Structures are given as structure tokens and as C-alpha cells.
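Visitor: Heads up: the protein sequence lines correspond to chains A and B, in order.
Quick note on numbering that gives the first Met the number 0: the first sequence kicks off at 0 and runs consecutively.
Quick note on numbering that gives the first Met the number 0: the second sequence kicks off at 0 and runs consecutively.
It is worth saying that the hints were derived from the structure and are not from the lab.
Please note that the accuracy of each hint is not assured.
With a Cα cut of at most 30 Å, we get these calculated DSSO-like pairs of lysine-lysine [said to hold, decoys possible]: (1) A:K65 with B:K95; (2) B:K123 with B:K242; (3) A:K100 with B:K95.
Predicted, not measured: the structure shown is a model, and the values here were computed from it.
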Amino acid sequence: MAPVTLRKLVKRYGALEVVHGIDLEVKDREFIALVGPSGCGKSTTLRMIAGLEEVSGGAIEIGGRKVNDLPPRARNISMVFQSYALYPHMTVAENMGFSLKIAGRSADEIKTRVDEAAAILDLGHLLERRPSQLSGGQRQRVAMGRAIVRQPDVFLFDEPLSNLDAKLRTQVRTEIKKLHARMQATMIYVTHDQVEAMTLSDRIVIMRDGHIEQVGTPEDVFRRPATKFVAGFIGSPPMNMEEAVLTDGKLAFTTGASLPVPPRFRSSLREGQKVTFGLRPDDIYPSGHGLHAGDADAVHELELPVTITEPLGNETLVFTQFNGRDWVSRMLNPRPLRSGEKMRMSLDLSRAHIFDGETGKALAG
Amino acid sequence: MKLSKLSAPTLLLLPAFIVLAVFIVLPLMFSLYSSFTPFRLTKPDTLWVFIGFRNYVNVLTNAEFWVAFGRTVLLLTIALNAEMLLGLGLALLVNKATRGQRILRTAMMFPMMFSPVLVGFQFKFLFNDNIGFVNNALQSLGLTDRAIPWLIDGNLALFSIIVAEVWSSTAVFAILILAGLLAMPKDPVEAAHVDGCTPWQTFRYVTWPYLMPFAFIAMTIRSLDVARAYDIVKIMTDGGPAKRTELLWTLVGRTAYGDARMGLANAMAYVAILLSIVFTVYFFRKLAAARQQIGAEW
Ligand SMILES: Nc1ncnc2c1ncn2[C@@H]1O[C@H](COP(=O)(O)OP(=O)(O)OP(=O)(O)O)[C@@H](O)[C@H]1O
Ligand SMILES: [Mg+2]
Chain A
0 MAPVTLRKLV
10 KRYGALEVVH
20 GIDLEVKDRE
30 FIALVGPSGC
40 GKSTTLRMIA
50 GLEEVSGGAI
60 EIGGRKVNDL
70 PPRARNISMV
80 FQSYALYPHM
90 TVAENMGFSL
100 KIAGRSADEI
110 KTRVDEAAAI
120 LDLGHLLERR
130 PSQLSGGQRQ
140 RVAMGRAIVR
150 QPDVFLFDEP
160 LSNLDAKLRT
170 QVRTEIKKLH
180 ARMQATMIYV
190 THDQVEAMTL
200 SDRIVIMRDG
210 HIEQVGTPED
220 VFRRPATKFV
230 AGFIGSPPMN
240 MEEAVLTDGK
250 LAFTTGASLP
260 VPPRFRSSLR
270 EGQKVTFGLR
280 PDDIYPSGHG
290 LHAGDADAVH
300 ELELPVTITE
310 PLGNETLVFT
320 QFNGRDWVSR
330 MLNPRPLRSG
340 EKMRMSLDLS
350 RAHIFDGETG
360 KALAG
Chain B
0 MKLSKLSAPT
10 LLLLPAFIVL
20 AVFIVLPLMF
30 SLYSSFTPFR
40 LTKPDTLWVF
50 IGFRNYVNVL
60 TNAEFWVAFG
70 RTVLLLTIAL
80 NAEMLLGLGL
90 ALLVNKATRG
100 QRILRTAMMF
110 PMMFSPVLVG
120 FQFKFLFNDN
130 IGFVNNALQS
140 LGLTDRAIPW
150 LIDGNLALFS
160 IIVAEVWSST
170 AVFAILILAG
180 LLAMPKDPVE
190 AAHVDGCTPW
200 QTFRYVTWPY
210 LMPFAFIAMT
220 IRSLDVARAY
230 DIVKIMTDGG
240 PAKRTELLWT
250 LVGRTAYGDA
260 RMGLANAMAY
270 VAILLSIVFT
280 VYFFRKLAAA
290 RQQIGAEW
């Protein structure tokens, strides 16, 4: 049983504070993804959990035990590093069995467990090689094998897939998901790839500048982003967002265009209030080419000119000009479009998001 | 053959070849030749008498030579090991320093800046049994009340020489090992911490294998060096007392210039060079193996 709890966790490098008192409860056997832009403190947080970085304030608990002052070896964790960090002078088998050897396990037991892990990761034929004789993907699997063999309470991953090509990344991603199902261990996974985060995790933690912006299931953070930042960070292509002021019961944009207030928000918005209006590409579509789910009277139709299109096969991303900017929309069952062509676009306002203009927090509707 | 017939590259390289030939190849061949003659500096005619391998047989059956040979190997072994351990310790300490590392690195190289002759004089003074600093210090601290004959007792003299050697050359190890430490990737060390290693185990299983090639480079360089350990010994004891600190090179020097038996001295020198080569090849092998082990790309 190893839940991981962070309480008011702070990290300072000299006078520079990079993690500002974050709170997080990771449940036993949960798969948590830490995402956020570069430099937001993901690795630092993970390394504090691992014990590789000193804690400047607050507390870390693993399995209910405060571990702030315990060295990494006393925490029963495994970590997979972005650079793999294999031991160059050991063979694959030695790399994977090293932690058991240090723990004083018998040669037989080490061999059994290494073979087991090698079978899971399809490394059997590479056991006698050295890391320098392996490809990137193979090294990655060895790093993973080394983590598995320990049977730790908690797995920590720091962008383990970022050095792999796109195809291999998809493959190993699936491996990791299977691994989680099989290992029944708590996993904390740092990535800046939102697809990895969405596909792998039970819950996603979105970090920004050393703060946690939102913690929630993939569904939560996608459907109900708590802040403008999360809304822009999760989802690809990103959400269309535009600043607006509530004028005469309408959302008036800076260039003079306007949209009706989405039904959900009609009662909560005040006249003159500054907000940010957001709509995902999935919720704008050329009329007749969308997945319409909301109620019909929430769909607002506009005539807009197409600027460019990005065909993806089963769908096409259509960029249309609105309020002086390109808005991305997703066209299902696409037909060829000419640029400059005027299209009738449906905006599903029941799916719209509205954020406070000052704080960026999502407004309840 | 006219010069103009030679191609331009040959022509351009010719001066270098001539210089090499005159200053290196010819003397080398001459010394090799003389090792097959009973050449004495005082009797130039002897240079033309060819005696085959007699000098070599003399050398190899000479007890004095073998004693010096053994002592040289002993000195090499003790000095190199001590230097490696101390150099390693020094490098680890300097690597830990969070500030002033540059200054420490420079200070570490200090002993290398002195000529070995100076080091010899300095330690000869330090170990002097009457006025030397070492005895003074020991007596002041009350550790002993008599004057320890550092340079007079045979074993102590060899020890004193080793101390001087180690003092002057530990820096070679320290610098090369420090270079290794600085170039070492941090990740495997962190992985070892996570894998459950104590600091000592981390060093033993991860750091040290990585540093080994660097230590062997230092070993190789130093094995060439110590095998010519002439200056310090010459100054401190001159092979004495009663030849108790005679090393290969002081023996060669004495035979050549003291006894004026050039031919015999050259034969000794060639045997000694062989020893050097054996050491170097040995360490090179080790280096290659260690490099391959860590998958080094240099
Ligand atoms: N040793 C250090 N000294 C000072 N500042 C540091 C140190 N290590 C990291 N930082 C700072 O801490 C912040 C967080 O770094 P961290 O490595 O956790 O970012 P990250 O979220 O992992 O980013 P990335 O996605 O690029 O890996 C950064 O602003 C970085 O500059
Ligand atoms: Mg990082």
C-alpha cells in the first residue's frame, strides 16, 4: 500500500523558489500524470519524491510515512529517467538485477526476476549486451525493466518516452499502460505530452510556474478546465479563446463582432463583465459536418470565410476568419473546400467555456 | 639523383626526417650498437670490439642489477598505488567542494611545477636526521626522543624517496581522475541511489568503474615517469646508503659515468626500457579493457 501525499511542498534553489507549496494526494495504485510547460517544476517535484532533491519546505509522505529526510534507497521507489541512466559497464541483465544484488538477494532469485521482467518487455535476447550496443528504444525498455525488477511501491517516470520516435512512443505507451495494470503499483509520470497524459493516467495534474492549476481525470480536465491556462494546455488543436465584454446581453469582442451569451451562463454574467470566451475545435463545425450533442437552440450559426484547411483523412481542420482571427474547427465527413469560400458554421454554445477576464478561473454556469 | 627530381612533399618532409635521423635515430642506433661492445669512455678504441651479447649476459647474471631491478619494481608498485589512492581521494574531495574549486584545482597542481631536482633537495632537507623538519616535528610532538635516520637507514631511505615521489606526482592522478569525475554523467549515480545503493556502494559499483580508464591513463603516464626516477633519488641518497636505494637508473648512471663502462650501461638501459615497455603495455591493455567496459566513445 503506497499512497503518496505532498503537503505544502516547497523547493528553493538559493533565493529562487521554483515549487510554491503544492498539495497533492496520490492514491494507492493510481496512475498520475504531471504535465505542464517546460520549466514549471515537474522534474523538480518528481525528484523530491525520489529523494534526489532536498525538500525546502512542506512534507512528502509515502505509504503514510514521512520521507523528507530519508535517502532514496529507503523509500522503495523506482525511477525511469529521461536519459535512461543505464550503467554503461554492466550488461542488460546486470543492469536489471543490480538493485536486487545490492539488496543481497540470491543469484537464483535475481535470475528468475530478471528473466521474468525480460519476458514482459521482450528483452530476452538482449540480456548479455551492454547498453552501448542497444538502440534507443531497447535502452528505454531496459530502463523500464530495471524499474520493474525491484517491485517497488511507487514508480516514478521522468519523460521516459521523449527520446523515442513517434511510432515507438505509441508502442511503449501501450506497454506502460499494460504494465500498470499488471504491477498494481502507484505510478507518477512526468510528461509534457498531453496525449501521453490523457491516454495513460487515472488523474492528471497540470502544473504551471511551480503551482498546481488543476487535478482531475482526463475527462475532467478536458471537459471542465478549471482555468484558462488548462483550457489552452489540454486539447489539440487548442481551444479557441477570445476576450470579450458583456454588453447589451451579448458577448462583444474587441473588434465589434459579438455572440449571444451561452444559455448556461445567462443568469450568472453581469453587464460590463470582462471575460474570456472559449470554444473547442470540436464544437465549431461547418453545418452538417459536426458531432452535434447539445440542444438545438444552443447552436449558433454564422457565415464565415475559410482561410486554410488541414486535411487529416477522416476529418479536416478548417480555419475560418472570425473577429479578425483564425478559429480552428473540426469538420467530420469532410468535402474539399476552397480557401476564401464562405461556409455556414455551427457554434455549439452549450459546450462553450467562459473564464473570468482577470483571474482566468472558469466561471460556473 | 638531383634534388629537383624529388616530389614536393618528399622535399618538404626531408628536413624533418634529417633532423629526426641525426638527433634521435642515429644516437639510438649508436647506443644499441655500443651495448654490444665493451666500450669504456676512457678507452675509445674499445668501441670497435664486438662482443655480441656478453654485456647482456653480464647484466642478466649480475645480482646487483637484479636487486636494483626488484627495488625499482617495488618502488613503482608502492608509489603508483599510493599516488592513485591519494589522487582519488583528493579528486573526490575537490569535486565535492561547492566553492573555490578553481583555486583548489590550481593549488593541486602546485607540486608539478617544481623541478624534480628541487623536490629532491627539499625532501633531503625535510628528512635530514639532525636539522630536518620531520624529526624536529616528531620530537616536538613528543612522539620520539631520538633522531630517526631517515636517509641513512636503507628501508627508511626508500620510504623517504617514495614520499617525495608521491608528493610530487599525486597531482597527475588527482587531475586525471578529477577530469573523469567532471565528465561523468550524473544520471547513473542517481539511478544507483534509487536502486538502493549506499554512498559507498554507489562509488564501488558505479563511480569507480567509470573512473578506472582515467586512473589507467595516469598509471600509464606515471609508469613511464617513475621508471626514469633518477633526479629525486640522485639528489636525496644517490643510491646510498651502501647502494640500499639503488634503482635501475641510478645504477645505469653510475655504471656509465662513474665506472665509465658505457657498453655495459647501455645494455642495462635497454633491459630497463623493456621493463618500462612491459608496464606501459600492461596498463594500456587495462585501459582499453576498462574503456570498453564503460562503452566509452573516446
Ligand atoms: N539546480 C538548479 N538551480 C537553480 N534552478 C533550477 C535548478 N534546477 C531546476 N531549476 C529551475 O527550476 C525550475 C523547474 O525546473 P524543472 O526541471 O522541474 O522543470 P520541468 O517542469 O521538469 O521542465 P521540462 O519540461 O523542461 O523538463 C526551472 O525554472 C529551472 O530553471
Ligand atoms: Mg523535466
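Visitor: Could you grab the alpha-carbon distance between A:K100 and B:K95 and see if it respects the 30 Å cut-off?
Guide: Holds - the C-alpha atoms of B:K95 and A:K100 are around 28 Å apart, at most 30 Å.
Visitor: Keeping to a limit of 30 Å between CA atoms, is the pair of A:K65 and B:K95 held or broken?
Guide: holds (28 Å)
Visitor: Tell me if the straight-line CA distance from B:K123 to B:K242 falls inside 30 Å.
Guide: Given that 30 Å is the threshold and the Cα spacing comes to 17 Å, the pair holds.
The structure agrees with every numbered hint stated previously.
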